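Participant: Residues per chain, in single letters:
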Amino acid sequence: MMPTSKPEVQDTYRHSFRRVAKEARRELKEDNLSFFYNDLLQRLEPVSIEVAEALSSVCYVLVAMASTTLRAVTHRLTTTPVDQLPSIAAFLAASLSDCAELLSAPQAQKPGKGDSDHAVQIHKLKIRLASLLQDRSVEGRWTAVVLVKATVEAGQWEILRGYEPIVRGLIGILAKPDPVSTRKMCIITLTRIFHLTYQYPTLVREITTPHLPGFVTAALNLVSTLVKLPSGSSRKPKPNTPFMEIVLHSILELIPRHPTIFRPFGTQLSSLLGDILSSSSQVYYPEQVLDVAEQLFASLYRCAPKDKSGHGWNDECKSTIWSAHRAADHVFRAIAEQWESVDPTLVHTKQHYSKELADPSADALGFPGWAGIHAGTDRLVILLRILSEIISLPSAATVAIPLGSILDLTSRLTSVTIPPNGEASQNGVQFNPQISRDERELLWAELPRIHIACMDLLAHVVSVLETSTAPISQNILEQVTWVFKHEKFCREVRSASYDLLSSVLKLTGPAMTKQSVASVASVLRVTCHDLLPQFEDSIAAKAQTDPKSKSKGGQGTANADSFLDPELRKKQQLKAGPQFPEVQQAASGLLQSALAYIAPELLAPSIRAEIDRTIILTSNKDAMLASVLNPIPAAKGRGAGSSLMPFLVRSYPEQMEVEALVRPRMPVLMSVPELDAYAEMEEEEEADEMVDEPFTNTSQTTSFLKEPAVATAGAQKTEPSAASVAPLQKRTYFEETPAKSHSSPASEQQPVQAKKARFEEKAQAPASVPAYQPTKVEASMVPKQVPAVSQAPAAQATSQLTAGAPLPVDDSDDELPTLNIESDTEDDDEDEDEDVAMEG
Amino acid sequence: MLSESFVASTLSSAKTPTATLRDVGICLQEFQPSPQLRSTFKKSSTTTNCLAVSPSHIFSAQADKAVVHVYSREKGNQEALVPFPERIRSIAVAGAKYGDVLVLGTEGGRLILWETCTGRQVATTASHLQPVTSIVVDPTSNFILSGSDDASIHVWSIPNILSFSKPAQGRDRQPSNAPIRTFSNHRAAITSLAVGHSAGRHNIAVSTAKDNTAIAWDYQTGRVLRTYLLPFSATCVALDPVDRAFYVGYEDGSAQSIVFYRSNSAQNPLHDPSLQSTPAQVSAEDRWLPPSADSGAIKALALSYDGTTLLSAHESGKVLSWNIARRKFTASIADYTHPVTNLVMLPPNGLPLSSQDLKRTIHTIVKPRVDNSFADPAHAPGAVPAEYAFNTHILASSTQPKSRKPSQFSQALTHAYFPDSMIEEGLAELAALRQPGGSDVIRVAATSSSHADTSVPATTQEDTHVADLEAEVAMLKKRVAVNDTARHANASEVTKLRSDLAQLQDYINELHEKQEAAQQDKVQRQARKEERETKRREAWLAAEKKGRNGDAVMRKMEIDDGMLTSESDDQSDE
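These protein sequence lines are chains A and B, in that order. Mapping to UniProt numbering: the first sequence position 605 is 605, numbers consecutive. Mapping to UniProt numbering: the second sequence position 334 is 334, numbers consecutive.
For the record, the hints were derived by calculation from the structure and aren't laboratory data. Being a predicted model, the structure only gives us computed values, none of them experimental. One thing to keep in mind: the hints can contain errors.
What the hints assert, rightly or not - Result set (BS3-like, lysine-lysine): computed pairs, CA atoms no more than 25 Å apart in a straight line:
1) Lys-535(B) - Lys-545(B)
2) Lys-556(B) - Lys-529(B)
3) Lys-43(B) - Lys-15(B)
4) Lys-506(A) - Lys-485(A)
5) Lys-359(B) - Lys-318(A)
6) Lys-506(A) - Lys-359(B)
7) Lys-367(B) - Lys-318(A)
8) Lys-97(B) - Lys-506(A)
What the hints assert, rightly or not - Covered by chain B, per the in silico footprint, the following chain A stretches (three or more residues, Cβ under 8 Å):
9) 136-145
10) 178-191
11) 204-218
12) 403-417
13) 474-482
What the hints assert, rightly or not - Pulled from the structure, derived: some chain B residues nowhere near chain A, Cβ distances all over 12 Å:
14) Thr-221
15) Pro-385
16) Ala-412
17) Met-557
Backbone N, C-alpha and C define an ideal beta-carbon position, used for all residues, glycine too.
Construct the complete structure from the given sequences, taking the supplied hints into account.
Facilitator: Here it is in structure tokens:
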């Protein structure tokens, strides 16, 4: 008999489930359990896979024995048709990662019989995986890749040893026209394997050294084509490949661990990355690809030839800075720069003002030339981002971060800002008369991008140096406030400034002088404006007061809506429009740092009031906490300063930190009795553990005895289970309705019986079989039962549950007995019959 | 395993220690779980407050010498010997968890700040009139508190001292390397300083002086919070980790705890203004007495991480531990023979402390540069000189201010197998792969004996059937269309031919008519000719009958005829 309809599937489920639970209670021997597990798996073969999965996971929790799981996995892996494997791959992988202990157990010592059995199972698994990797079907290979990753993660060294053929198979897949996902996962798995071998010299010798070059070649072939040149081979990126990001990630992950193996690929990689980053190939690369390419470029110095590797980092840093200066020479030619370098060795490039803006030759990093101001800015930004990566990625050895040169570069780039109204010399910018106005205006348009990249670079510097930023923090502060003053119209400039300022404030805020605080204060005003919600209402009001705007068609209609619906106006609808979460986040972070770290007496009262108003209106908890903790100092002649505490407590009464702030209970320094009390408490805890079970039981029973008081809910609850049991007992549909009314009191009686029976069992269980923990079984079973109830009543039941009783956990506990009827043996026999019928 | 250790340094004396401790000046001792000596550093002799420990190095200012010894904790050896122009009387590390900046208090009353990663060295004004004997740095690493024998304590701002670019100063402002605040409530030489553990604005400092007082004060404002009149002059002070109490050590080897909290009031008694003006008397009976009288004066105090055990370093060379809760001596931890002058607790090993997570480390310190190369460049005051470089080993990718979104790759790399999103993507792709390919479908259909999957291949089969039919229909339609066009072409050809034919027939008819007309014409002409002939003959006959020359008449008639015929011919020709 094949189950086709849902109720029957559920019946099978319930039957099998009950049987396992029962048997597990009766006989707690491993062999039996595993027998039942396998038996179930076989029985469930015809049932849908979801049920099998759900059931085997339940069984797994019940059994909690890795070896069984492992055997089951191997069994399924060998018996399931290959093209169905993908659908259970995730499940198998999860099971495999659950037997991590078994897979990673050293196999050298295997005294017991069980251990050798495990070894056989693991061996079987390995063989099957290796053959699946070579499988003709796409599905087989896909599954193999997923499971190889799972075994590697679970088994680590023990599994990797002897995985050499599997590694070879995986590399082979890369060259095949498999689905993209197979190959992607293959790259990840291989990366992980090489990643893990790093610590073990034997594995490096066995796996990494022979196979890593092959993997790198295969991976690079996926994303690029090899071009043989007389001077050496270089690589051109393939346009439109889905693997670019993942391959770059993988190489980035591996280079620091196996730099010597990557040495032959150094020039190929740098040519490939140069092409990607310089965007000379006119191909669009997404942000993530550029990001990882920058990081990879920044770590390429690791695979420099041996004689140079010592200075690699410093050289790379230096040439990046030089390239940036060179690009800036070209990009900034429309203005006469006032900046003078602190580094006398820096040479400026000569310009041809008659020609179009371009740098035709390759620079110090080997990036090809560019033309046009946009491309020039692109180059400058990319170089700044590479520099950020260079100073923030882990280095191979001690490096000298050239703070002087970096700040020199940023001071050059930030000293040029957009002049207000395009007029010269208002902010110290002088125009170069040899360059046309058009180019100058293009430069103004590009400037914010450069400044954002500068601020990101400085943010990286601050993040690396932390407290050692102190010597340069004032310089950074000056640069940020200067740029902010002139380019605050640009949202991203604002966002980057907020981030940088807040990280600087965190470090040196407490010692800031009045002058520095004053320069930050102007930024804080804008920050408040950014955070304050814009209401539709205020716009409408503005429109009303301004008679001219009425003539405009668009606004007129918008206002009409708000007139028509007075509710709309009452609600003060937020202005619909694009949201800018980055700016808002950065802004609230800045306000918080300002409140927490700047001395409150240095902040002008008007700004402080503005900040307080903003954080109340935006319900910014952390900022409010900071404001409360750093109150406005009481001025002479006036009363105590006001505090935001009421607002904080009103908005977040349930938060722990608010509680700690408002009702402090700091313990007084402990005295002797307290210390002793602590020891007593430990003893008590132990005692608690001893009496834990009876205690929970009594609580259960008491809660059950209370049940009649909640009567309707309880009766309703039992209904669905009764209804679903009904077809089992061959009742007709018409009999069911009256049966319900009869069965509900009956089923209320039954639990009492069952509960008592279980009670006794629990009392006995720990004595007879100490390993068995009934509470645990219960707990694991409870959550799985809820979905077992048939759908329609289930929804009803749950809604009633939530309505009737506050604690859902208790309810499911109470429901348990109905599913666990073990006292009545006739029912069991029926079950057996049913099962036989099922099989037949 | 969780373990807690401390570093102790000694002042060499006439006593000769055991062989293991010969020449040893600094000891790294495990305190918990089992007290034992872990490692030692040799050739050092320090007075009180002359030991500083950073995560990578140990600095010890030598007694009676203008030299600081630098020991590498990583390599376990002496790394450098740094001479200074003056004797150093106290040192401390600043730079929070990294300890990048060493603060030195000199005999002459000034501070020297040495950035150990860059080699830059900045000196302050000589604001103290006497040697600087104790230095502490606050937890935010923004302020230095320095105590001197001249009874004053100065508060300095590290960013102000170190900053290249000096913020614009008002007319009446001090130079930036001068102290920002001075605390002068003590009446005698400062013996010891301790700073609270708060990073906020209301952190406290506790100072002890030889005038038998201990004062708790707010170093951000200089306000006195509490004055304690001690029974003796305290030699050293330590603060509870939660700032609930402080502990002082005395010359006679006893220690004492002074608890800030007396009542159960919710307000912190330190901030109770009514108590701030009245000094509190501390009774001598409350002291915790040492086990024996010969233990000597307490030179330094330190607290365990959990704040339940107090360690004291004694002149006799012993390190004793005290139970704070029981208020008495518990055990002797170590005996270094020489007077122990400094005690620095290290953060415990084995706790996942995010505050101790280092993003970079210093392997080798950069000695202070003697040349003046870090001076301001002449043309750009306040700019950072080009030589200024920060030597460090970057360990972990620093958490960026805008935390980068974890990419799919990094998630997948450390996942137990693959993230669900990736598995689903793959399954979708496999499913898509199965759909269009004909061969695949057949294979799946053939192998789908399992009941669970029958529906899928069946539908795919149907789908392909429908697709086939549709293709056929499309083909037929196309064929019909082709036929249609062909037929259209034929028909038009036929009609054209027909019209041609009709035209031709018309032409033929025309020709026929012309021919007929010509025939008729010919016949008429013949008839006329015959008529004329007969007429001529009749005329000849008539003339002959009349007896005239018939020929003449004939000729005349012929001429007439000729004209006539020519005319008629002309007509016919037309």
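Participant: So, against the hints stated earlier in the document, which numbers end up violated here?
Facilitator: Of the numbered hints given earlier, those the structure breaks are 11, 14, 15, 16, listed in rising order.
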